[in-house]
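S.K.: Going line by line, the protein sequences match chains H and S.
Numbering-wise (the working numbering), the first sequence opens with residue 1 and increments by one.
Numbering-wise (the working numbering), the second sequence opens with residue 1 and increments by one.
Worth flagging that the hints you see were computed from the coordinates, not collected in a lab.
Source: prediction; values computed, not measured.
Hints are supplied without guarantee of correctness; some may be wrong.
Said to hold, decoys possible - Below, simulated DSS-like cross-link-like pairs (lysine-lysine); rule was C-alpha separation at most 27 Å, straight line:
1) H:Lys159 with H:Lys184
2) S:Lys210 with S:Lys165
3) S:Lys162 with H:Lys171
4) H:Lys159 with S:Lys172
5) H:Lys136 with H:Lys171
6) H:Lys159 with S:Lys175
7) S:Lys75 with S:Lys332
8) H:Lys105 with H:Lys68
9) H:Lys20 with H:Lys34
10) H:Lys159 with S:Lys165
11) H:Lys136 with H:Lys63
12) S:Lys172 with S:Lys413
13) S:Lys286 with H:Lys159
14) H:Lys136 with H:Lys105
15) S:Lys413 with S:Lys162
16) H:Lys184 with H:Lys56
17) S:Lys351 with S:Lys327
18) H:Lys159 with S:Lys162
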Amino acid sequence: MTSKPVASKRPPAPIVPAVKTPSQVHPSAIIADKAQITGAHTVEIGESAVIHPYAKIRSERGKVVIGKSSIVYERAVVGVADGGEQDITIGEGVNIETGAVIEAKSIGDGSTVEVNASIGRAAVVGRYCRVAALEKVEAGEELEDFTVVYSDGQRRVDKTMRDHPEIREAKQVGQEKSIELMRKMVPNAAAKWM
Amino acid sequence: MAAAFPYTHYACPCSDLTSNPPASLSKRTSTSQAANIDTTEDRTFNPHDRRANYALYPLDHLLFCDECDSIRCPKCWTEEIINWYCPTCLFEVPSSAVKSDGNRCSRNCYSCPECTAPLSVTAVPQQASDYLKPTETAIEAYMLQCGYCDWSTRDIDMIFNKPTKITEQLVKLRKARTSASSGKDSPEKAAKHDSISHDTAFASLTTFYKGQLSESGDPQNPFSNTPYSSPANLARIMNIYGGLSATALKKSREKPQPMREARDQSEGFSAYGFEETDHEEAITSKLRALSWEDTTTAEQRLSTPPNNDSRFADQLWPVATQLRTRKGKRCKTCRQFVSRPDSKVTHIRYKIRLLAMNNVPRLFMRPLHSPNPAPPNPAFRLREDDPMQAELQAHVAQQYVLTIRNPIFETIKVTLATPGTTPGKVASRITILCPSFPVGPAGDVWDEALSSSTASNSVSNDGSRKAAMASLTGKAPEDADRQPEAGKIWDRTRNSTSVIVEIVPGSLRPPPSIVPKTEDELAAEELDEDDDVLEVPVYVRAEWETVIDADSFAPGEKDSKHHGRHGEKVSKELAYWCVLGVGRIAA
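All chains should be modelled from the sequences, with the hints used to inform the complete structure.
M.R.: Listed below in structure tokens is the structure:
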């Protein structure tokens, strides 16, 4: 079948919200161009934080604060989608890996939420926690500091991290190094949101 | 019973149901319906027999022995270990090392005791205070860390000095710990100590039992094929080479002691008494203080010998990975390898792999007319097997297309036989419209492409207008109106032939009879689970001719089976039962 190229009859692209998200972005933060930051409430992005392409930060229901040296990877969603008002605070040195869904009230310093994990509404995640891939933290749950969520809901306390401060420092050093690398690899479009 | 209809299961000739048992066993009553229905002297295969499932396999579970020219099922082959390897480091361990050191990797491959993920050797980061003394060399310290749950050997306070030879270091540390804990007890307490460490117990038990074996004069291994196994031979050889020493002669004259079990701790046996020792009190008080997660599970305790006695999570030792084996399969009758993987661990190819799929004609069954109207777009069909999942109605004749696919490179002549009514409680009538037909050879893909102009027989070449249209559009004319005819093949492609099978499912309830039935008869008519599945036993016989070439003989061997000279055709035959699962009969 031959035919001339015809203009596609798809509906027009979704309307860009008229209100620009009020944001306080630190000058050393790295935000990719394709990152999506939407919503009416304030979004604070701390020093050396990295937001990867296609990461979604939704401040429709509340303020979102991303701490120093935290990294939000691709397709991660930080923000509550529906329901009442709730702020989200992400601490320093936190890794929100690819595809993770964060609706928690707060995530403590140094924690890692791994690929495709989900943290429910109003949950509180402590410091230096680790939520393994595809795990779920239920809404309202509180995780103590140094908790590891792994293997389909099992919990354990990470004594290595707890008892040895040098290991926590090593993690921070590793985080700084990753951020330096991302500074070179991710083209920075933070000016769009400043 | 397979998950989805239609299925085909093949019966291995090794079972009683498919071949004649020896005369002494045939007195035992087997299936009551085993009437000699079919033409051969074998009994009809009853797929509803209670033992039928032990003989039936899907075709991909079967191998084929080409020396014996028959199907081999998992009961007909012996497995032989070709080599041992560690799944983590892929290092091949010689079997002598496996016999002495055990079946675990001895080379740094350990798994986390909490989550069974592999442990990796990581450097322990230095204390921040060390940065103030740059002149001192860095203290090398390593630990094993789990990549998944963050468990590390620092949880049990264990640090290594070098990143290699972890096994050695672990053994040393373990010895240090167990000797330290036992050295703490005073000598009197040690005597009353109920449990001894696992390693000492194992060592004492092995020495004790080895001593018992030599003392009690156990009978020689009947399976050993040493030339000295008969006592007469042994005595003769001993006479030639000199007699036994005085002590051995004395022992042989005395009555040998029967073998006894270990009795006390010196021999490795430890009993548990009722009185509480301090050792146990310490454990129970600790148990009261800690929570559930801090105790070990039975799985964790069984994962490795050092963990057998550990009750608390902070005593768990890293688990050495268990070695895996590469196995070859040998035919039980002729000892030829029917499946032999490559001995190199990283190569996943097989040196020899004789699959039944490549040597045995394969049967498929599908309904002739699909009962549901085909949806306009095949992408919208949710499940492929919808037509067959619908239940069959009793007494309604159904027609199925039975396709035989030939995997070998010669034309085979296939004969099918099936009892007129299916054996079992529900009798359905089966008719194969064309029971005997040839199937073409399987060839290379190039053969098919080059001969595509003459491949399809369904399109006639008679130059009529219909044929011209058919060759243009690629479809046979009036496919839907074709009526199945008795004695005619339905369809033929290069290496497969299809025939029509007519099935009239029987009813699940027998017709009401005038004569009242006894209780036994009523009980016999009760349907068990899966008696409503319509399974058709089919006896398939394939005959073909092959050319004997020089390679198939061992040099110098004269094979009496084949009468002809090299290069002459010889006829071969393969026969087996298979069961076609058609569907369930609606009540």
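S.K.: State for each hint whether it applies.
M.R.: Hints, one by one, checked against the model:
1. Simply put, Lys159 of chain H and Lys184 of chain H have alpha-carbon atoms about 35 Å apart, too far for the 27 Å limit, and the pair is violated.
2. Between Lys210 of chain S and Lys165 of chain S, the direct Cα distance comes to roughly 32 Å. Violation of the 27 Å bound is thereby established for this hinted pair.
3. Between Lys162 of chain S and Lys171 of chain H, the direct Cα distance comes to roughly 22 Å. Compliance with the 27 Å bound is thereby established for this hinted pair.
4. Note on Lys159 of chain H and Lys172 of chain S: the hinted pairing holds, with a Cα-Cα distance of about 24 Å set against a maximum of 27 Å.
5. Proposed proximity of Lys136 of chain H and Lys171 of chain H is supported: the alpha carbons are some 23 Å apart, at most 27 Å.
6. About 24 Å separates the Cα atoms of Lys159 of chain H and Lys175 of chain S, which keeps this hinted pair within 27 Å; it holds.
7. Simply put, Lys75 of chain S and Lys332 of chain S have alpha-carbon atoms about 9 Å apart, close enough for the 27 Å limit, and the pair holds.
8. For the given pair, Lys105 of chain H sits about 17 Å from Lys68 of chain H by alpha-carbon distance, which is consistent with the 27 Å threshold.
9. Between Lys20 of chain H and Lys34 of chain H the alpha-carbon distance is near 16 Å, which keeps this suggested pair within the 27 Å criterion.
10. Straight-line distance between C-alpha atoms of Lys159 of chain H and Lys165 of chain S comes to about 26 Å, which keeps the hinted pair within the 27 Å bound.
11. Note on Lys136 of chain H and Lys63 of chain H: the hinted pairing holds, with a Cα-Cα distance of about 23 Å set against a maximum of 27 Å.
12. Of the supplied pair hints, the one linking Lys172 of chain S and Lys413 of chain S is violated, its CA atoms being roughly 70 Å apart against a limit of 27 Å.
13. Using a Cα cut-off of 27 Å, the hinted pair Lys286 of chain S and Lys159 of chain H holds, with the two alpha carbons roughly 18 Å apart.
14. Among the hinted pairs, Lys136 of chain H with Lys105 of chain H is consistent with the structure: their alpha-carbon atoms are about 15 Å apart, no more than 27 Å.
15. With a C-alpha separation of about 70 Å, the suggested pairing of Lys413 of chain S with Lys162 of chain S is violated against the 27 Å cut-off.
16. Restraint check for Lys184 of chain H and Lys56 of chain H: satisfied, since their Cα atoms lie roughly 22 Å apart, inside the 27 Å limit.
17. Proposed proximity of Lys351 of chain S and Lys327 of chain S is supported: the alpha carbons are some 12 Å apart, at most 27 Å.
18. Under the criterion of a C-alpha separation no larger than 27 Å, the hint pairing Lys159 of chain H with Lys162 of chain S is consistent with the structure, at around 23 Å.
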